[in-house]
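Enquirer: Line by line, the protein sequences give chains A and B. Using this note's numbering, read the first sequence as starting at 337 and increasing by one per residue. Using this note's numbering, read the second sequence as starting at 230 and increasing by one per residue.
What the hints contain is simulated information worked out from the structure, not anything from laboratory work. Each residue gets a CB set at the ideal place from its N, CA and C atoms; glycine is no exception. There's no promise every hint is true.
To be verified - DSS-like, lysine-lysine: derived pairs with alpha carbons at most 27 Å apart: (1) A:Lys737 to B:Lys286; (2) B:Lys313 to A:Lys737; (3) B:Lys286 to A:Lys529; (4) A:Lys523 to B:Lys625; (5) A:Lys541 to B:Lys625; (6) B:Lys356 to A:Lys523; (7) B:Lys411 to A:Lys523; (8) B:Lys283 to A:Lys645; (9) B:Lys310 to B:Lys238.
As the list claims (entries may be wrong) - FRET-style restraints, in silico, Cβ to Cβ: (10) A:Pro629 to B:Gln353: 29 to 35 Å; (11) B:Glu354 to A:Phe405: 39 to 45 Å; (12) A:Ala482 to B:Glu232: 54 to 60 Å.
Unchecked claim - Computed footprint of chain B on chain A, listed as stretches where at least three residues anywhere in the stretch have a Cβ under 8 Å from a Cβ of chain B: (13) 667-679; (14) 690-700.
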Amino acid sequence: MGALGFILNAEEGERGWRLAEYIKRGGYSALKKIVNEKIPADQIVGELKKSSLRGRGGAGFPTGLKWSFMPRQFPGAKYVVCNSDEGEPGTFKDRDILRWNPHMVIEGMIIAGYAMGCARGYNYIHGEIWEIYKRFEEALDEARAARLLGNNILGSDFSFELQAHHGYGAYICGEETALLESIEGKKGQPRFKPPFPASFGLYGKPTTINNTETFASVPYIINEGGDKFLELGKPNNGGTKLFSVSGHVNRPGNFEVPMGTPFKDLLAMAGGMRNGRKLKAVIPGGSSAPVLPADVIMECTLDYDSIAKAGSMLGSGAVIVMDETTCMVKALERLSYFYFEESCGQCTPCREGTGWLYRVVHRIEHGEGRPEDLDLLNSVTDNIMGRTICALGDAASMPVKSFIKHFGAEFEYHIQNRKCLVPEDVQRAGSGFFKAA
Amino acid sequence: MLEIEIDGKKTEVADGSTVMDAAHQLGIFVPHFCYHKKLSIAANCRMCLVQVEKAPKPLPACATPVTNGMKVFTHSEAAVKAQKGVMEFLLINHPLDCPICDQGGECQLQDLSVGYGQSASRYQEEKRVVVNKNLGPLISTDMTRCIHCTRCVRFTQEIAGWMELGQAFRGEHAEIMPFIEKTVDSELSGNVIDLCPVGALTSKPFRFAARTWELSRRKSVSPHDGLGANLIVQVKHDKVLRVLPLENEDVNECWLSDKDRFSYEALNSDERLTRPMLKQCGEWREVDWQTALEFIGTDLKRVVREHGAASVGALASPHATLEELYLLQKFVRSSGSENIDCRLRQTDFSLDGKKVVPWLGLPIAEIPALDRVLVVGSFLRKDHPLLAQRLRQAAKKATRVSLLHVADDDQLITLQGKSIVAPSALAAELAGIVKAVAEAKGAAVDAALAGVQPSAAAKAIAESLASGEKGAILLGNFAQQHAQAATLHALAQKLAELTGARFGYLGEAANSVGGYIAHAVPGAQGLNAARMLAEPRKAYFVLHAEPELDCANPQQALAALKGADLVVAMTPFKTRALDYAHVILPVAPFTETSGTFINTEGRVQSFNAVVKPLGETRPAWKVLRVLGNLLGLPGFEQDSAEAVRAEVLGGKPASVAERLNNQAVGIAINLESAAPALQRIADVPIHFADPLARRAPSLQQTRDAMPPAARMNAATLAKLGLAAGAQVKVSLGGTAILAVQLDDGVPDGCVRVAAGHELTAGLGPMHGEIQVEHA
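Go ahead and model the full structure; you've got the sequences and the hints to work with.
Expert: Written as structure tokens, this is what we have:
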């Protein structure tokens, strides 16, 4: 864990996450400030805009702008929803935020409710991290007991109730409108947009949905000011960011670093490449982000703009590191299987296309590839991308497209020779699970 | 208004319109599967992707709102590339075996694949196979063909009002299915067959019977409920093989009830009569028409001579055509009798002579514009499936619907107010509503209402009605059959007057209005249906009806018919008339004759025969004309159904509107009603309501056609010491052995025993004190 940042600043162990400890670290001071000084909502949104905080869930949408979309004068219920349905392969940052610093998320959500005039919030927590859900429930109880949640928070006339809701592990429920459907008790399937959640969200009411890490950044911005947050990072990419580093590194884990940190610094923090092997490729932003070859990623800094320039996405900050022992066909097969399995089945290109992609990649991996397969894969991804209701179609296509783009030769070798370019024993040695032959 | 240009053509559309709406307005076809004008937007098939100027990606026309100045290209290279891409995806897992698919030739996927598909598939992997589902006796499934457009799911949810289908599982494993161990039981279920753009859901009775191009499409009108749904009857080799809706936005929209759609099976039933039959020396013999008609002529003359003309009576079904009803009454009246009626289930005739021609009181298409509706005494959803559907849609918008009835069946309509009372309390409860409204408005009420204390439910309904501006009070079949029908009429009329609402009837049968227009009701000297049976006649003419099932008191009807000297049954079927008739004449069902039905809104809908009469069957109007000639009666020279029609309507179908009248003056309100310890509630289940539906085998296998039971609530069961499932003997003017069923929708002290079914035909009246004892 990095001690650099403000989000992962809690002590590990049984106590650090508790309310008393959070308050000792200065927790809930932002909320107190807002409530006591009766800071106008506009000013809070203004600070957020100044901070250049961008959505940490993957899309990187400016948070301040998103909050300003909420119809301020709307009569009746409005909702604020936290998306902790962290399902993207490679991503495990929200889990740690909720594990070590749940009150920071709660405080961020209460402030969001204050700023957007919402009386109720939900935190949708991924169904496969049950113990985190239980801990969050405990944190909520603590906050309620301390009158930080509920009616007349801290004696003011502001009331806000927050509930945790756990999913059942469907990746698609991380898509914000599918998440809303799921909270409503329906099958998790994305809605067609427009209308966007800001006008027609949970139960048809205006709703703002942000990622866990986004909400966790809010108290700092209120306490220290938007400018200071921005200074932590670089222009248009404010603040620190959590990176979940996994794969062939010595110390996989979550690292909180300022936006704009060079990739090689992050790699060093993660202990460098395992067994000193050579870096082959990195997926910089979760499995749906296009893969980048070693030479490209080593020149990148970790912020939305730099990674975008290199042809990929910062996404959720899930950095999947692959060394020279990796068979790229096998890696893609695994990713394609995931999207095939997780497509909700609602719209045609994704329902039919993800299965097609997986089957073709599977065939190549199993020595039954055909010379025309790479063109076919490219053509099928073209027919999926931009044609679907939500972004899952794109997410399934981008790995395929980028793997073929950067490692096409390896695929061709596979098709011609009906076996991996990286010898099987080398792959086994690199996996860490097998002893080298 | 918003300006939009599609494929170079400009138009203006209302705010909130979609690109699809605008394309329709311009007559531009955008390929689609999941989009349907009557269903919510799903945007899941992606077939309607079009290119929109300045948009980075193709957008679905069905779900993209028009913005001012928008430029759309539906056939540009980018649009067609997107559409072809989607078509390829739809086809990869779809079987490419159209020649063995029942939808072949009428399949949207097949049609569009001609324009957007490729000649060979790039998909070389294994195809998906999906296990078929049992959706009941009407819908056949071939789920491997499903393209997941969810039209069927949205139909059951939105139009039928009860989600009976859903999409389970994810991704490629997604399947459309009913709930576990359930079938699709809606009375509107057959519409999903029309909606399914592929061969996944097809008609079970029609399965593999013919190809669509082999079938002639002929227009007709449904002979069942008062709506008069417009039909396309599909015919091959003079046989009706299928019925589809003929779209008419003012009547049935694009829907049909299952009864309208599947009752055609009865037309090809083994029970069809093909030759006239005559009973001689106790034996039934098939004879020729000449013999049969001469026998009737001679015997009728004898009866009239021996017992007088008033000993002749005619009972006609309200499902008979206008022309048939007209000639029957003309024949009876020319023979010197006034005894003719087509209101076989009615028991209170005190409105007769008050110039009432009961009708809906407003055009069907105006239902959505109503803001308040009170339905009184109606098994709404089963008696009027598509009118109920209209109310269901209206209730989702601004219409507040209330129900006053005797059984708490789920109408699948959001009800504002509801009051469920015993039949004997129905009039008093309605009076309570009238009184509550009158009190609120400071208006005077009839002295008979002085002692009425409105219940809480009545007050709530009254409040709802009084707060509206465009209301309607509608009396259902049960109210029309009620022993206090005239009192209910007077109260409803008063309520409408007080609230400024429209007042009308939900007509029971296809020609309930037509019966009045054809004068197939008794004159001042005549006997109505009930009296004709209570005071037995010597000769009866029975047209299209099965009195042992269709009359208010089957036992009395049977006794009267069995005691008569001459009973002439005119029917397409070998009915129980074999037990009591002397002559049975095979007359044409609606598909084999020209005719007219006047629906409950007074719409005159004429139709032609779609097939030749079966065997020696003849249209009833022809039979009656020849009979008239044979007896030398004047006025039977019509040489076509059109000529008869012209005679009834005076050549002016519009004149019908002038005769419709629900306003009666000087009806006595009588709230006195005996409340027996245990009273019967009789509904006429949807598929037992007329001879055609009773003989349609597939309809008879539906859940709606379950054998009648003695239905009681838990309190009544406890009081009688009965348990659900027990066999009991119920007695009311006769007896029947039935199973007991728990139904908490039945009011206290009531037993719901359906009419119109063989099992309960042994009972007498539909109302009154009933006894239940262990069998």
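Enquirer: Indicate, hint by hint, whether the structure satisfies it.
Expert: Going down the list of hints, with the structure as the test:
1. A:Lys737 to B:Lys286: 18 Å, holds
2. B:Lys313 to A:Lys737: 21 Å, holds
3. B:Lys286 to A:Lys529: Holds - the C-alpha atoms of Lys529 (chain A) and Lys286 (chain B) are around 13 Å apart, at most 27 Å.
4. A:Lys523 to B:Lys625: Holds: Lys523 (chain A) and Lys625 (chain B) sit about 23 Å apart, inside 27 Å.
5. A:Lys541 to B:Lys625: 18 Å, holds
6. B:Lys356 to A:Lys523: 26 Å, holds
7. B:Lys411 to A:Lys523: 19 Å, holds
8. B:Lys283 to A:Lys645: Holds, at about 23 Å.
9. B:Lys310 to B:Lys238: 21 Å, holds
10. A:Pro629 to B:Gln353: 29 to 35 Å: About 31 Å separates the Cβ atoms of Pro629 (chain A) and Gln353 (chain B), which means 29 to 35 Å holds.
11. B:Glu354 to A:Phe405: 39 to 45 Å: 43 Å, holds
12. A:Ala482 to B:Glu232: 54 to 60 Å: 57 Å, holds
13. 667-679: Since 4 is at least three, the answer is holds.
14. 690-700: holds (count 6)
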